[in-house]
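Visitor: The residues making up each chain are set out below.
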Amino acid sequence: MSAIPSNSDPRLEAAAASDDSIQRVHAGLLHTKPEPEPGGYALAPLLLLGLMSGLILGCCIFFVQNRGAFDPLVYNGHLNTKPGEGPVVLPPEQIIAKGKSLYAQTCIQCHMADGKGVPGKYPPLAGSDIVNGSEDRVIRILLHGLKDPITLNGATFTTSEKMPPFGPGMPGGLYNYSDAKISYVLSYVRSDFGNKSALVEESKVTEVHKQVAARTTSWTMSELPASP
Amino acid sequence: MSAAPAQPTSAESGEIDASLKVPVIVLLAFAILWLLGASALGVIAAIKLHTPAFLGGCEFLTYGRVYPAALNALAYGWGMNAGLAVALWLMARLARGTLPSGGLLIVATVFWNIGVKLGVLGILAGDSNSITWLEMPAYVVPFLLVAYALIAAWVLAVLRRGTSPYLYVSQWYVLAALFWFPWLYSAAQLMLVFRPVHGTVQAIVAAWYSHGLLGLWFGSLGLALIYYFIPKVVGKPIRGYYLSSLAFWAYAIFTAWTGVSRLAGAPVPAWTQTAGRTASFMLLVPLGIIVVNLFLTLADGLGALATSMVLRFITVAAVVFVLCTVRGVILALPSWAGITQLTWFATASDYVLLYGVFSMAVFGAVYYLMPRLVRRAWPFAGLIQVHFWFALIGLVVGVVSLSLGGLQQGRDLANDKIAFADVTAHALPYLQAATIAGIILTLGHLAFAFNFVKLVICPQHRAASAAAPLPAALTVPPPELQATAR
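Which chain is which? The protein sequence lines are X and A, in order. Every letter in the first sequence is one number past the one before it in this note's numbering, and letter 215, counting from 1, is 215. Every letter in the second sequence is one number past the one before it in this note's numbering, and letter 104, counting from 1, is 104.
Simulated from the structure, these hints should not be mistaken for lab results. The C-beta atom is built at its ideal place from N, Cα and C for all residues, glycine as well. A hint or two may mislead.
Claimed, not checked - Facing chain A, according to a computed beta carbon distance under 7 Å, are these residues of chain X, among others:
#1 Pro10
#2 Glu13
#3 Ala16
#4 Leu29
#5 Lys33
#6 Phe70
#7 Pro72
#8 Asn76
Work out the full structure: start from the sequences and follow the hints.
Guide: Right under this line is the structure:
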């Protein structure tokens, strides 16, 4: 190779290659891979392939372990559902937030935004004995629905529609709520509208769900377990 | 453009440099003015951190205003002007196209700088909107976007007019950066200032913008210059060049995702943080290729480092790029982020890329391109040395002190037995060291500015250069690059 051109004056900086030749040479190199020595092999591409494959594998494992169930409300990547470890455990404020958004999609149509219902037609949730009473009873109502007439806090409510079933696979049910969703929405209605009852655990819903798994029709007031 | 004049057949023939002379000098002059302004504001902000009473009576210079003013003057005053100047020069040279007419470009440059000036004064006057890197008040944003488009359009124009049949890797990075910046800036302004998105999504957008501005604008331009000057000065082709396109795409895709990794522990969805971290780890792929490309080529001609100041600046930029990407990978590890988050360590990380990679590469480029634009040698070789060593020492002292101070601060904050006042007190020596680093950098900038002013306008220097015959470095084209079989 020729000697590097003299570049003794930093006030001028002589270049060692012209722009035109830099582009021409590199345009050729872009599609030329270095040929290994005869009988040998090029180590660099193999190393690069190894590095990339290893990184992609490692990154996939890292991503899956810290994905936080891809849930917008999970802020901590370690709160994942791992096989055999049970469901995602949410903090109470997130459970209530999720329940509130479910309420706004469905329940609000009859029970109204203030949870007071419509007198004579749709029963109120605010201050309701059923909502604030036994968890067993209110979970049953959510899972299978409730037929008229409904008596609550001494008043009677009659409509053409019944309280629809929210559980998965119920005849006439449109909602297919998981046990978790049922626990969220119940937790919400038990802690808003002036209600101050305990949140409903998802495991409790699952437990009740198992007890009534065989049932296919909605409840009537008389069939339900007695008040608290 | 049927009447377009014939384009030069060689980038070295001087026609392209002649057509770029005035616009590039105007851009660089504004850039250097902003660099000095940002240095002064930055030193004031640094002093206030350990001596709060300094200039304490002046409302305009309270820390909460002077720090973002310095940041914005550095990023949008120095960074954008200088970035566009080198992008224009590099693109015109490599595309082999002359700049048709400089008039509109100069008007757009003046408008850009009026916009930045209004923005920085707006911050000092208290109009800051307190989003990091986007503090400039909303009323200058349309101004800046239009002025940017009018400047950047000329870079595309020279590419369009150029006759070169090849696209070199530096052009990929310049071209991409030209489109990435307006995308980042307009999307971030829209989602944070004009039609703010709700809740913590704002934090995600702000992090995406900060990282994008640093990585996709400043980082890309820095890489473009490094990829250009290493073969240019060393006289050897880039090693493993066929891999550089893979590095480019990997860098583009993963850098855009890395931003959220700076929100470790924030109330944003866990999967977005994880995606940001994963992207930071994946940056090791382009990094590995860039290391092969740049450092194996450098190793072919290490002797050039002894004589070429340009190569020294460029080499520092390349080394800092590697260190700062590795630093990004380490910071993305959850255990590290818990300590370094919200400390001086994170602040230092932003400056490393802006100063250590982008600015160092631009300094090197300016020392090469200015003699070719004005067809005179720099007046003082000594000042170039002074600038280089002051920039390097200031960078190292500043980054090391802020990093160590940040680690100390992070460990102290995590220890509930240490009172908050003591945490601050422990960081003091590091902040004082950072102030000294700022003063060293500022002295280097003064040497740079003085040399620049002398080169461009000093009549004696002009007359002396005109009297002597043109030096060979400006008249004889550089030799042809030899393709070596490797």
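Visitor: Now tell me if each hint is right for this structure.
Guide: So, going through the hints one by one against the coordinates:
no.: 1; hint: Pro10; in the structure: 4 Å, holds
no.: 2; hint: Glu13; in the structure: 5 Å, holds
no.: 3; hint: Ala16; in the structure: 3 Å, holds
no.: 4; hint: Leu29; in the structure: 4 Å, holds
no.: 5; hint: Lys33; in the structure: 5 Å, holds
no.: 6; hint: Phe70; in the structure: 5 Å, holds
no.: 7; hint: Pro72; in the structure: 5 Å, holds
no.: 8; hint: Asn76; in the structure: 6 Å, holds
In terms of the numbered hints stated before, the structure departs from none.
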